[in-house]
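There are 4 protein chains.
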Amino acid sequence: MDDESAIYAAQGFGNALGIGAAPGLVIVDFVNGFADPAHFGGGNIPDAIAATVPLLELARSNSWPVAMTRMVFADDGSDGNIFSAKVPSLRGLTETSHIGQIVPELAAEAGELIVRKRHPSAFFGTDLTQWLTARRVDTLIVAGCTTSGCIRASVIDAMCHGFRPVVVSNCVGDRALGPHEANLFDMGQKCADLMEFAAVADHFKG
Amino acid sequence: MDDESAIYAAQGFGNALGIGAAPGLVIVDFVNGFADPAHFGGGNIPDAIAATVPLLELARSNSWPVAMTRMVFADDGSDGNIFSAKVPSLRGLTETSHIGQIVPELAAEAGELIVRKRHPSAFFGTDLTQWLTARRVDTLIVAGCTTSGCIRASVIDAMCHGFRPVVVSNCVGDRALGPHEANLFDMGQKCADLMEFAAVADHFKG
Amino acid sequence: MDDESAIYAAQGFGNALGIGAAPGLVIVDFVNGFADPAHFGGGNIPDAIAATVPLLELARSNSWPVAMTRMVFADDGSDGNIFSAKVPSLRGLTETSHIGQIVPELAAEAGELIVRKRHPSAFFGTDLTQWLTARRVDTLIVAGCTTSGCIRASVIDAMCHGFRPVVVSNCVGDRALGPHEANLFDMGQKCADLMEFAAVADHFKG
Amino acid sequence: MDDESAIYAAQGFGNALGIGAAPGLVIVDFVNGFADPAHFGGGNIPDAIAATVPLLELARSNSWPVAMTRMVFADDGSDGNIFSAKVPSLRGLTETSHIGQIVPELAAEAGELIVRKRHPSAFFGTDLTQWLTARRVDTLIVAGCTTSGCIRASVIDAMCHGFRPVVVSNCVGDRALGPHEANLFDMGQKCADLMEFAAVADHFKG
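Chains as they are written, first to last, in numbering that gives the first Met the number 0: chain A, 0 to 205; chain B, 0 to 205; chain C, 0 to 205; chain D, 0 to 205.
One thing to keep in mind: the hints can contain errors.
[Stated by the list, open to error] From chain C, some residues computed to sit far from chain A (all C-beta separations above 10 Å):
1) Ala5
2) Asn14
3) Leu16
4) Pro36
5) His38
6) Ala49
7) Leu112
8) Ile113
9) Arg117
10) Gly124
11) Ala133
12) Asp137
13) Leu193
14) Phe196
15) Asp201
[Said to hold, decoys possible] Simulated restraints on C-beta separations:
16) C/Arg115 x D/Glu56: 37 to 47 Å
17) A/Gly19 x B/Pro45: 32 to 42 Å
18) D/Pro103 x C/Val52: 47 to 57 Å
19) D/Pro87 x C/Gln100: 51 to 61 Å
Keep in mind the hints are simulated off the structure, nothing from the lab.
We put the CB at the ideal spot given by N, CA and C, even for glycine.
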C-alpha cells in the first residue's frame, strides 16, 4: 500500500497520538466461537489470543482497568437486530452457549468488566464508555477479534468517545488476512496508533 | 477476494437485508475539500459525486427524508478531538471555509437536514438518529465519501441504530481504490447491502 | 400548581403530541424490590403495578412491541458507576437476587425484550432505542416506577430519541407522592402527554 | 419535604459523591431568551445568572474546561423534533436570533466550548461527553437554567456518562419556584451533590 500511504501522508493523515497517562485494556470477543474456524474463527485469531495472554498480565500488573466483551443474544431471539439479520449465525452466541464464553486462557478476574453486546462495537448499547470515563482512562489498549469487524468498530468508537486507541497489532486477529491488513491500514491512518505488544511492554517498563 | 468470500459464506455472513418500506437518504461529506485532491479528495470521488446527482433527484421525487453531512470544526479550535489530533488537516473544515461547503451540484433544499459533525460517523454526536427515527425511516440509502472513512463509520452506526443500510456502490468514493474496495467488501459482509444506483432506481420504479 | 401552569402556558409549553400510528410499551423497573417498601418501594407503586396488568394485556392483544426493564448490577461490583455511588443500596439488584426480578403479575412472555440497565433511563447504555427504531415504533407508552426517577429519565430520553412519550399516569408510581406529582407536571409540560389508562384503552378501541 | 427525605434516607438514597480531582464547568442555556420573562425566563433566573459570573471567574482562574450550551434550531425548521413539537416556541432559538445568544455577562472566551443542542440535555446529540472525557474531567460543576428542564436532564446525563455532578444551587434558576425546588430535591437524592457557590469556592481555596 505504498502509493496509498503517500496519498494519505500528503493529505495529513496518520499522525501519531501517543500513549497517555492512564491506559485501560479492552479485549474484544475472544470467545470460543471466534477461536474455532468451524464457527467464526480461523486465520490468525489463535495467534492473537496467545499474544494477548502477556498483554493481559501487563494490564493486571499495572492495575489498568480491564474490560472484556462477549456477543450475547437472548435465547428467545427477542433482541434480534439488523446485525443478526445480516449475520444470522451470530444468534447462537447466547449467555450459556459454549461458543459465547470467553476463552479460558483469558478468563476475567473479579472486578474486570464483562461487556455483553449485540453490535460490533464494544461501546454501542453498553456501559463501556462511562465505565472508562469514570476511571479517567485516556488511552485504550485494544486486543481481540475480528480486526475487520468488532475491532474496527470498537476502535472508531473509542476515538469518538475521547480515548486514544492503541491497536496492539499482533493481539488482534481475523478469519481472513486480506481484511485484517486492510483494516489495520485504515485504523493506523484515521483513528488509532498501531503497536506490536513488545513496543507496548517496552513503553511501560521502568 | 474469492477465498475470503468463501470463508465468510461458510460462517453465515453476507445475508441480504433488502429495502424496507420507508427509505431515507444520507449524503456524507460531499464537500469541496473532499472533491479536491489538493485537500482530502482524489480517486473516484468526482465520479461518485456525479452519480449522486440522480440519486438525490430520486430521493426528492419520492419525498424521502434527505440529510447531508459536513465536517465542521470551530474557528478557535475549541472543539478539537482525538480525530483532529490524528488528522490535523481536518481542522480547516470550518463553518465558512470554502473546503467545508457542500458541493454546489448537491446543495441542500429547504427542509433537508444539514448535519454538522466532528467525527467520521454521521450519527456520532449529532441528531441524525432521532431525526430518522421520528420520520420512521427503516432503510438508509447511503452516498458520499470516503468509503473507507466516514461512509464505513456511518454505515456501521446506521445498522446499530436500527436502520437497514444500503450502500450505493457507485455513489461512494475514496481517495485511494484499495481501501475503497476493501471497505465495500467488509460492509457487504457485515452491515449493509451493496447496490448500484441503477438497481436502486429500478427498485423504486412503478 | 395553577400559577405555574399559567406561566408555562404563556411561554408555549405543554402542547399535546398525540398518539401516532405505531405504539410500543415499556414497563420500567416493576421488580420485586420496587414493590416492597422495605427496599425501594412504597407510596402508590402497588396501585400502579395493578393498573399496569390490563395495560400489558392491551399491548399484547394489539401486538405492540413490549419491553421491560430491570436494574441489574454485577455480583462482583465490577460495573459500579456514579449512580450506584449516589445510591449504594441499588447494588443489591443483581441478575439472580429476588429483589431484582420482575413482579410475577407482569412477567415477560417470549419475544418481549428484557432490558438490563445500570442507569435511571431505560435507554442509557442499552439497546432499547434501536430495538424500537427497527420496529418503527413512533409512540412509546410508559408505565413503571419511580415517577421521579427512572420514569422521568426514560421519558426524557424517549422524546430525545424521536418517540412521542405517553405517560400512563395511573400506571406510574413513586415511593413518595410529592415528587410523583411534581414530575408528572414537568413531563406534561416538556416531554410527554399524560393519559389515564382508561383514555389509552379508549383510543385503541374499535 | 421532611417526610419524603426520611423515606429516601431509609432506602439508601442521597449519598454524597464529593468533588474529584479534575472539575469542569458547564453553563446551560443562559441565553437572552431565558433571561427574559417575555420568552422563557422569569422566577430566579436573573439571580442565578448574576451568581454564575463569579463561578465562571473561578473556573477560568483554575483553568477548568468550560462549556456553554445554547438551544439552536435551524431557520428552515428542518431539524424539528419531538421537543419542539411539545414546546413550539423553542423554534425561535436560532443561530442568529437575539433570544438565542448567550447573555453578555457570561460570553465565552476563545477555547471555551459552545454546545449547540436541540434537546434538554447538554449531552444529547452533542460532543460534550467526549470533550470532557478527552480532558479527563471527573466532576462536572453545573450552572444554568431551567432547573426543572435542561439542568435536570443535563445532570442525569452527566451522572450516566461517568461524571460526578455538582449542582451549584444558587447558580441554577427556573421560571417557577415549585418545580425549581422539586427538582433540586430529586437531583440531590439521586444524581448529584448540591452546593452553594460559596461552598464550591471554599473547596478550591488554597
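Among all the numbered hints in the text so far, which are the ones the structure does not match?
-> Per hint list: 7, 8, 9, 10, 11, 19 violated.
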